[in-house]
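> Given next are the chains, with one letter for each unit.
There are 2 protein chains.
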Amino acid sequence: MLVVKKFGGTSVANKERIYNVAQRCIKEYEKGNDVVVVLSAMGKQTDVLLDMAKDINDRPSKRELDMLLTTGEQTSVALMAMAMQKLGVPAISLNAFQVAMHTTADAGNARLRRIDTERILHEIQQRKIVVITGFQGISKYEDYTTLGRGGSDTTAVALAAALHADKCEIYTDVDGVYTADPRIVKDAKKLDEITYDEMLELASLGAGVLHNRSVEMAKKYGVTLEVRSSLNTNEGTIVKEEVKMEKMLVSGVACDKNVVRIAVVGLEDRPGVAFKLFRHLANHNVNVDMILQSIGRDNTKDISFTVTEDMAQTAVDTVERHRSGSLKCSDVKVNYDLAKVSIVGAGMQSNPGVAARMFEALYDANVNIHQISTSEIRVTVLIRKDDAERAMNAVHKEFDF
Amino acid sequence: MLVVKKFGGTSVANKERIYNVAQRCIKEYEKGNDVVVVLSAMGKQTDVLLDMAKDINDRPSKRELDMLLTTGEQTSVALMAMAMQKLGVPAISLNAFQVAMHTTADAGNARLRRIDTERILHEIQQRKIVVITGFQGISKYEDYTTLGRGGSDTTAVALAAALHADKCEIYTDVDGVYTADPRIVKDAKKLDEITYDEMLELASLGAGVLHNRSVEMAKKYGVTLEVRSSLNTNEGTIVKEEVKMEKMLVSGVACDKNVVRIAVVGLEDRPGVAFKLFRHLANHNVNVDMILQSIGRDNTKDISFTVTEDMAQTAVDTVERHRSGSLKCSDVKVNYDLAKVSIVGAGMQSNPGVAARMFEALYDANVNIHQISTSEIRVTVLIRKDDAERAMNAVHKEFDF
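Just so you know, the protein sequences line up as chains A and B, in that order.
Our numbering numbers the first residue of the first sequence as 427 and each following residue consecutively.
Our numbering numbers the first residue of the second sequence as 427 and each following residue consecutively.
Misleading hints may appear alongside valid ones.
Distance condition first, Cα-Cα at most 30 Å in a straight line; then the derived DSSO-like pairs of lysine-lysine [said to hold, decoys possible]:
#, chain 1, residue 1, chain 2, residue 2
1, A, Lys488, A, Lys566
2, A, Lys480, B, Lys441
3, B, Lys453, A, Lys480
4, B, Lys554, A, Lys566
5, A, Lys457, A, Lys593
6, A, Lys683, A, Lys666
7, A, Lys593, A, Lys646
8, B, Lys566, A, Lys554
9, A, Lys453, B, Lys488
Here are some chain B residues pointing at chain A (derived, C-beta under 10 Å) [unchecked claim]:
#, residue
10, Leu494
11, Met508
12, Leu520
13, Glu568
Keep in mind that the hints were calculated from the coordinates and are not lab data.
All figures in this text were calculated on a predicted structure; none of them were measured in a lab.
Ideal Cβ placement from N, Cα and C applies to all residues, glycine included.
Start from the sequences, fold in the hints, and give me the full structure.
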């Protein structure tokens with residue numbers, strides 16, 4: 427059996443934890459399994475490197491930033507291989523060049539295109555544990571790239587797909603996927619299983635356990651994921667296409683505070699205005715989430731949309747840059763005080779009235795809803811950040827997990 | 427004109443120094459010259475990484491150690507490129523994979539085999555300053571390697587040769603090559619010029635300014651070196667094949683305290699014993715320096731030799747391993763209290779009596795000589811470490827620089 431195991435930065439933050447991970451991997455190896463390990467940079471090392479860069483140049487080029495950041499995972503894989511060797515097991519570390527891990531050329535936010543498996547398979551055949559840098563890749567120009575937030579999860583899933591692994595385990599600092607964040611909702615319960623689609627909605631909504639790109643990739647290639655804790659040996663949560671048990675009406679409540687709403691007020695009310703706005707934003711790689719268009723006064727309209735905090739400044743700059751040209755408007759308002767709360771459940775599709783129950787629970791908890799968006803298996807409301815915890819508890823209670 | 431500039435770890439130890447180096451390189455670039463910069467890891471970063479490795483595994487594999495160490499130069503080149511960009515000049519950093527810098531597969535002590543110039547020339551044609559990681563390479567297996575001590579100098583010289591550079595400047599924290607270490611000998615003077623051969627003897631004897639492998643390579647490919655300070659704009663020392671001025675009798679006095687003498691006592695006095703001893707040592711990559719063979723008692727002989735400190739344990743272990751087999755001997759003695767003091771000068775070849783003047787000066791200074799070795803342009807004595815400074819001053823005074 428070939429198992430891919432991915433450990434995040436906190437799991438390899440110091441010597442003791444590195445040895446803890448090494449021992450876990452060796453236990454798998456000693457069952458006779460082939461083991462591929464994917465690691466993030468140690469602890470907060472990526473942030474340390476970002477600060478170093480910013481200290482030298484407040485706007486470092488993304489190409490050079492990736493050149494710097496990729497040292498983080500290279501450090502952790504080298505130390506992990508040394509730890510495993512110290513424990514008497516053959517191990518080898520590989521970086522994005524050595525694998526090779528081909529990506530698009532978008533420094534800072536690249537997408538995996540192809541993984542060469544030759545070197546990895548060669549090392550596995552030598553019965554070595556192969557320790558691979560997550561998060562990083564190389565472009566066709568042979569420049570380093572990074573995969574953006576949660577990139578190491580994506581690396582692990584892509585490797586599992588490319589190597590036709592039997593299992594892909596994502597180790598985090600929580601036991602698995604919960605019906606809500608246990609730090610906020612006391613009665614939150616761990617889920618044994620969840621579908622890709624539900625996980626996708628939860629991941630992109632800030633449940634914080636798995637990054638959505640990794641879940642998308644797992645779904646695309648049919649890689650069964652297991653989310654579990656690196657701190658204990660509890661069973662985790664399995665993420666796969668179909669779950670055995672009856673589909674739950676709602677499988678989870680998620681909250682995302684990393685949201686900024688930008689309102690473009692008083693746009694000319696003529697065709698193509700919305701198109702131009704979102705085209706400009708897309709050209710600057712701004713991912714837009716919830717969009718609301720409303721009629722303003724005097725033949726104008728208002729368009730508001732939400733973005734993540736790191737994109738907010740770029741989004742505002744983009745709009746301002748075109749205010750005197752193709753995007754005439756009277757005002758641009760930015761609101762940092764909002765949060766998204768969502769319910770997710772594959773069972774929702776065949777059960778009308780789920781959204782209404784959520785809204786009623788929020789009304790009873792005196793939470794004001796600013797904006798609503800839905801998908802087939804999700805209902806999201808935009809509310810005040812200050813209301814977020816109260817809202818989550820109220821909604822979680824309503825659906826009685 | 428194409429100029430290769432190499433800066434050591436102290437020259438890029440912090441933000442201020444990184445900017446100092448960036449500005450120096452930009453000054454060259456703004457003259458219209460093409461600039462290739464070779465950097466070491468920042469400050470003591472290589473030692474920090476070594477300590478990290480030792481903390482995880484007291485005997486880390488050299489392959490994994492190189493995987494770890496190469497993050498050091500990658501960090502400094504990325505930050506340097508960011509600094510240059512901040513100053514408005516196009517710059518790009520390249521590591522050993524991106525160049526590519528092909529070496530032998532001897533992790534920790536690899537030798538450069540071939541440097542691809544395509545990527546570098548491409549970037550130069552775009553009028554970018556190209557910032558390259560020193561010290562590191564890649565093996566034919568696509569593993570990282572490092573070039574051993576002083577490796578960044580070797581990288582710079584090899585790049586200058588491969589790119590047919592017009593100049594190769596090695597920046598250090600001293601103004602150039604001195605007749606003796608100015609910290610030890612007050613009257614030491616800076617040399618304007620020195621030959622490759624003299625520099626080679628000085629480098630390998632611990633003058634500490636240039637590593638001997640880089641000088642060997644410069645001699646082989648006819649690369650004219652300039653050793654100069656990164657802290658001021660003083661003229662440095664030119665290292666080349668022939669110096670214009672009349673050859674000095676002695677160009678420098680060097681001291682090397684990184685020396686351990688190992689005496690193998692009571693070896694059987696039959697043919698092939700010395701051969702076997704040094705073959706075993708060579709098999710373990712132990713570089714032996716001064717060798718002395720003397721007749722012992724009862725049909726035995728003693729062989730003593732010197733090695734650097736980092737090789738001493740391996741050398742002793744090697745001898746001990748074969749004591750019961752092919753290297754029967756009565757005792758192995760190790761002496762850490764010795765130092766080498768040498769005089770070097772191309773003029774020596776045609777002037778007999780130079781060695782005698784050195785020995786007399788040492789006698790007058792009451793320094794006991796343990797062992798002597800000579801080459802055409804060098805005389806070296808092995809003395810007590812405690813006598814080293816007195817010896818250097820006495821010898822320097824004798825030759826009246």
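> Now tell me if each hint is right for this structure.
Each hint, compared with the structure:
1. Lys488/A x Lys566/A: 16 Å, holds
2. Lys480/A x Lys441/B: 11 Å, holds
3. Lys453/B x Lys480/A: Between Lys453/B and Lys480/A the Cα gap is close to 24 Å, so the pair holds against 30 Å.
4. Lys554/B x Lys566/A: Measuring from Cα to Cα gives roughly 20 Å; hence the hint holds.
5. Lys457/A x Lys593/A: 14 Å, holds
6. Lys683/A x Lys666/A: Since the Cα atoms of Lys683/A and Lys666/A sit roughly 27 Å apart, the hinted pair holds (cutoff 30 Å).
7. Lys593/A x Lys646/A: 15 Å, holds
8. Lys566/B x Lys554/A: With Cα atoms ~20 Å apart, Lys566/B and Lys554/A stay inside 30 Å; holds.
9. Lys453/A x Lys488/B: 25 Å, holds
10. Leu494: 4 Å, holds
11. Met508: 4 Å, holds
12. Leu520: 9 Å, holds
13. Glu568: Since the shortest Cβ distance to chain A is 5 Å, the answer is holds.
When held up to the earlier numbered hints, the structure conflicts with none and fits them all.
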